Amino acid sequence: MSGCDRFLDALASDRLDDAARAHAAGCPICGPLLPVEQPQASPPTPSLEAIRSRALEALRTTPVRPWTRDAARIALLQAAVAFAVAAMLGARNWGSPMAHHMALAVVGAVLLAVVTLGSALALAPGGRRPRWMLVLVPIVPLLLVLSGNGAHTATTMGAALPCLVTVVLTAVVPLAVGLALLRGMALDAARTMALALSAAATGLFALHWHCTDGSVPHLMGFHVLPWLALALLAIPLRRALTTESHVP
Amino acid sequence: MERFVQGEEAAFSELFARHAGRLQGALRRMVGAAADDVLQTTFLSIVRARGRYERGAPFRPWLYTVAVNAARDHLRRNRREEPHPIDALPDTPAEPAPLPDPGLSRTVERALAKLPSSQREAIVLHRFEGFSFKEIGELLGVSETAVKVRAHRGYERLRVLLASERESR
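Protein sequences, first through last, are from chains A and B.
Numbers in this note's numbering are just positions in the first sequence, counted from 1, shifted up by 11.
Numbers in this note's numbering are just positions in the second sequence, counted from 1, shifted up by 116.
If you are wondering where the hints come from, they were derived from the structure by calculation, not from laboratory data.
Here the structure is a predicted model, which means the values were calculated and not measured.
For each residue, glycine too, the CB sits at the ideal point set by N, CA and C.
Where hints are given, some of them may not hold.
Unchecked claim - What follows is a list of derived Cβ distance ranges for each label pair:
{"id": "1", "chain 1": "A", "residue 1": "Ala-200", "chain 2": "B", "residue 2": "Gln-122", "range": "29 to 35 Å"}
{"id": "2", "chain 1": "B", "residue 1": "Ala-262", "chain 2": "A", "residue 2": "Pro-149", "range": "52 to 58 Å"}
{"id": "3", "chain 1": "A", "residue 1": "Thr-56", "chain 2": "B", "residue 2": "Gly-123", "range": "53 to 59 Å"}
Unchecked claim - Over the 10 Å line for every Cβ pair with chain A, so calculated as not near, a few chain B residues:
{"id": "4", "residue": "Met-117"}
{"id": "5", "residue": "Gly-172"}
{"id": "6", "residue": "Phe-175"}
{"id": "7", "residue": "Asn-194"}
{"id": "8", "residue": "Ser-233"}
{"id": "9", "residue": "Ser-234"}
Could you put together the complete structure from these sequences and hints?
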């Protein structure tokens, strides 16, 4: 291993010792790569002054908007949409003689948590917390299948398709509002998907009480698939929108 | 920072005076001549979304995260991900001069402009801004190991570029 290689390894592992520094000091190629000392702040230039003035103007005209307020608003909106659609569709599945009431109630509570707390988690500052929402991708389908009654009642495409349409249409308003809120923070595919998973769960919640077809193929194809597709679709939609603020 | 979040102009001016010049230099290395635009976007971002600042979090890494996000967005929208045009770099090295020899500094910056943006980000934040790999990982939202890999590859390529530039002189 040459001195240059040793220096490179030390540099790239944050372990610059005296020997590595001594090598770099005498090497015309490694020398320029030595980390620089923290320089002092320089006096403001005209371009910096203009930027400062614009930012100050924005500070005067933009009131502080806590992220928790946005999170609470979207959580309430999604809960309202989920309950409204559930009420419109009715609770035929809950009333069915084949229903597993305890399983339905538990999974219904989980879906409500995804709709409300999930949206708040997806909007939380920082890059890491929204990623926790992605564990829902395997968990929600599993729970839906486990709470299903196993009966295959929607045997034709015409009978099954309304479930898919319900998931998509129910998600339109929450997703649109969510995407508008996401413009106020840095572009982040994981966050976008997290918020879309929460928004699209509104339809899952409504169908959960209504749809009497509890077979695995129906639940996966007409409930879970559109839910996941909406979450994936949200990513290019968000990328197409401009970003108002790049704060994480 | 708390005073800035509440909208106090003096507090913002203090933060700006402390960080803007240095951040401008870092952005010049990341996006070339568009540095001022991205710097403005960065500060407007933190003003507009100051409600997303987490109380007690250190300001400088937060500011650099916003700046890196803004730089990435700029590169993506301008479809010149890598490398950013060398002729877009200013004739003088980004302030303040990081090396005693301005010619040498300019050579490093030219080589830096030829790196892929992910490697360039890691090197600018590590070599020029003095962040540790752990801090860079937190700042970029990736693991420390991923940052080390990017930096190692970047430094390796930088060394090759510097060597070839030296030979061509």
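Query raised in the report: Going by Cβ atoms, does Ser-234 (chain B) stay more than 10 Å from chain A at every point?
Result: At roughly 14 Å from the nearest Cβ of chain A, Ser-234 (chain B) sits farther out than 10 Å, so the non-interface label holds.
Requested in this report: Take a quick look at Met-117 (chain B) and tell me if its Cβ sits farther than 10 Å from every Cβ on chain A, holds or violated.
Outcome: 12 Å, holds
Query raised in the report: Far enough from chain A: is every CB of that chain over 10 Å from the CB of Gly-172 (chain B)?
Result: 12 Å, holds
**Report entry** Status of the given 52 to 58 Å range, CB of Pro-149 (chain A) versus CB of Ala-262 (chain B)
**Finding:** At roughly 24 Å between Cβ atoms, Pro-149 (chain A) and Ala-262 (chain B) fall outside 52 to 58 Å, so the hint is violated.
Query raised in the report: Hey, does Phe-175 (chain B) actually stay past 10 Å from chain A on C-beta?
Result: 12 Å, holds
Requested in this report: Classify the label on Asn-194 (chain B) as holds or violated, using whether its beta-carbon is more than 10 Å from each beta-carbon of chain A.
Outcome: 14 Å, holds
Query raised in the report: Beyond 10 Å from chain A, beta-carbon-wise, is Ser-233 (chain B)?
Result: 14 Å, holds
Query - Beta-carbon spacing of Thr-56 (chain A) to Gly-123 (chain B) - inside the hinted bounds 53 to 59 Å or not - result: 26 Å, violated
Query raised in the report: Do the Cβ positions of Ala-200 (chain A) and Gln-122 (chain B) conform to the proposed distance bound of 29 to 35 Å?
Result: Holds - the Cβ-Cβ distance for Ala-200 (chain A) and Gln-122 (chain B), about 33 Å, lies within 29 to 35 Å.
Of the hints listed earlier, those the structure fails to meet are numbers 2 and 3, in rising order.
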